[in-house]
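Participant: Heads up: the sequence lines are chains A and B, in that order.
Residue numbers for the first sequence follow this note's numbering, so the first one is 1 and each next one is one higher.
Residue numbers for the second sequence follow this note's numbering, so the first one is 273 and each next one is one higher.
Since the hints were made in silico from the structure, they are not lab data.
Among the hints, a few may not be true.
[What the hints assert, rightly or not] List time: in silico DMTMM-like cross-link candidates among lysine to aspartate or glutamate, alpha-carbon distance up to 25 Å:
| no. | chain 1 | residue 1 | chain 2 | residue 2 |
| --- | --- | --- | --- | --- |
| 1 | A | 256 | B | 461 |
| 2 | B | 462 | B | 536 |
| 3 | A | 256 | B | 414 |
| 4 | A | 47 | A | 232 |
| 5 | B | 350 | B | 536 |
| 6 | A | 47 | B | 414 |
| 7 | A | 36 | B | 429 |
| 8 | B | 301 | A | 128 |
| 9 | A | 36 | A | 232 |
| 10 | A | 256 | A | 232 |
| 11 | A | 256 | B | 382 |
| 12 | A | 177 | A | 232 |
| 13 | B | 462 | A | 158 |
| 14 | A | 36 | B | 414 |
The model shown is predicted, which means the values in this text are computed figures rather than measured ones.
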Amino acid sequence: MNRRMSWFNVTSLTLGFAFLYLPMLILIIYSFNSSKLVTVWAGFSTKWYGELLHNQQFLDAAWVTLRVGVMSSTAATVLGTMAAYVMVRGGRFFGRTLFSGMIYAPLVMPEVITGLSLLLLFIAIGLDRGIFTIVLAHTTFSMCYVSVVVSSRLMTFDRSLEEAALDLGCSPFDAFKSVTLPIITPAVISGWLLAFTLSLDDLVIASFASGPSSTTLPIKIFSAVRLGVSPEINALSTIMIGIVATGVITTSLISKNAIRRQRQEELEGTKQ
Amino acid sequence: MNLRRLTLILVPYLWLMGFFLVPFLIVVKIALSDTAIAIPPYWPVLDLSAGWTGIKEFFSELDFENFVFLTEDSLYWKSYLSSLQIASISTFLTLLVGYPIAYAMAQAPDEWRPTLMMLVILPFWTSFLIRVYSWVGIIANEGLLNQFLLWTGLISEPLQIMNTPTAVYIGIVYTYLPFMILPIYATLEKMDGSLIEAAVDLGCSRGKAFWLVTLPLSRPGMIAGCFLVFIPALGEFVIPSLLGGSQTLMIGKVLWEEFFSNRDWPVAAAVAVVLLMILVIPIMLFQRNQERQEEAGR
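Isolated chain A, as found in the complex (with noise of 0.2 Å):
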């Protein structure tokens, strides 16, 4: 169907991308000034992408931040996506509303709240905070995201391919792993994508998780930033912008070109 848009409906689009777009757009063209008067435009340079890689408490924190989020996101698809298969292929087991409801609840649970009882819990047990008490905050959140994620692709998938499967010998972990595991992959892959951005982002959770020798980049931002603009914070923002800009668009490239070939074979298949 192809319709001509109205005026109004220009006029929306138009409107409402540039209000998505222009703050983050005059973040990346201020990041190139050359005043330390973030609101006064001094010329064009990139003095501040040099500051930035010499200095180190952001050097330090942005390592930081990766580690947490490469190791948070892994086990948080592990479990993520164990606990979406026990959900759509489980069956009934004791406690099962139960354990619906702890894979919902921190979707919609306030972080302040999830960090909170975190921390809590950290001093009740006696672990000290640290790396290792962000990552298990961050996998905790994340893999009920990527349980949604990889549930939602459990259940529109062709049930009867693993059921043939087990009819001709596999045992049910083969089945697993040749059959339906091929299948969720993608969906397993953007829940790890979804994850470690979700970790990468998190300022709340990881604050009240971390202690004094762990800052993630987020909690370094938030406290260079309370303090006012600086052209710094334009230049890390800008960099990090353009990271997850280029993730989002090369994945989306390839699960568009993912989904015409399948559909080429389905055609190929169906003349046969």
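Place chain B on chain A using the hints.
Facilitator: This is chain B only, laid out in the frame that chain A set:
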């Protein structure tokens, strides 16, 4: 039940028990405890070595004192009320901004839609903190918006937007907009276009057809979007603390300060418990809306 299935269920189950349910029970327990000048700074501490009498003693020491304190000090109920007010107003504003965008997306040619979808989702993947921060340079007193308005001569003095509730509204609308657009777009996209044509054929004007057909049919999406904005906005911390200044009371910020600045853990825990009790109502309503929608979809 074989061993493999048992492990598959138990590992995520125990993980969530240990890192979600137990911590929450600890919060409830500390909310019922008293503040103490000690490490940890609350009383009583559960001592299992004393056996059964120790446990009984522990429970007899718990009380609702902190909850009574929350009702006595006006700071707390004022912040709950103002959080509810700020979250409601900004949810409504998000709906007003988001609906036309979702509508236009659903009307757009098919080949544009994936790109438009990606453009809506992309900001969601970029750091929340950075998106909130990007407004500081715009709405500050010497910020770009004020510079522009002064330059055009519309105003003679800079507008005070920063550190007011208005700044918080802007922040919430901006950061939660995708949550509003996507569910509305989903319902509008599924809608049968021939219904509008039928309405127009039967003598409706375009505007009236929108009012009588499109808007009621998109209600499930609007409701879902409103909850998706309202629920996280209520406990929001980053936006009020970066844009709202000291004047704007929001409960997420109060909890944070109670914990980190005042170091009053029992009161912070009580604030958390009450916030959660307030949130249970919209969360349950949201669940009902989703279930009804799923049933209608079948």
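Participant: Taking the hints in turn, state whether each one holds.
Facilitator: The hints, checked one at a time:
For the hint linking residue 256 of chain A to residue 461 of chain B, the alpha-carbon distance of about 20 Å falls within 25 Å, and the restraint holds. A C-alpha spacing of about 51 Å is found between residue 462 of chain B and residue 536 of chain B, which places the hinted pair above 25 Å, so the restraint is violated. Taking the CA atoms of residue 256 of chain A and residue 414 of chain B, the gap is near 44 Å; set against the 25 Å cutoff, the hint is violated. For the given pair, residue 47 of chain A sits about 9 Å from residue 232 of chain A by alpha-carbon distance, which is consistent with the 25 Å threshold.
Between residue 350 of chain B and residue 536 of chain B the alpha-carbon distance is near 19 Å, which keeps this suggested pair within the 25 Å criterion. With a C-alpha separation of about 23 Å, the suggested pairing of residue 47 of chain A with residue 414 of chain B holds against the 25 Å cut-off. Between the alpha carbons of residue 36 of chain A and residue 429 of chain B the distance comes to roughly 24 Å, so the proposed pair stays at or under 25 Å and holds. Only pairs whose Cα atoms come within 25 Å are accepted, and residue 301 of chain B paired with residue 128 of chain A is accepted, the gap being roughly 21 Å.
Distance restraint check for residue 36 of chain A and residue 232 of chain A: the Cα-Cα separation of roughly 9 Å lies within the 25 Å cut-off, and the hinted pair is therefore satisfied. Distance check on the hinted pair: residue 256 of chain A and residue 232 of chain A sit about 36 Å apart at the alpha-carbon level, beyond 25 Å; violated. In summary, the hint linking residue 256 of chain A to residue 382 of chain B is supported, as the alpha carbons are separated by about 15 Å, within the 25 Å threshold. For the hint pairing residue 177 of chain A with residue 232 of chain A, the CA-to-CA distance comes to about 47 Å; that exceeds 25 Å, so the pair is violated.
For the hint pairing residue 462 of chain B with residue 158 of chain A, the CA-to-CA distance comes to about 23 Å; that is within 25 Å, so the pair holds. With a CA separation close to 14 Å, the supplied pair residue 36 of chain A and residue 414 of chain B stays within the 25 Å bound.
Of the numbered hints given earlier, the model fails hints 2, 3, 10 and 12; all others are met.
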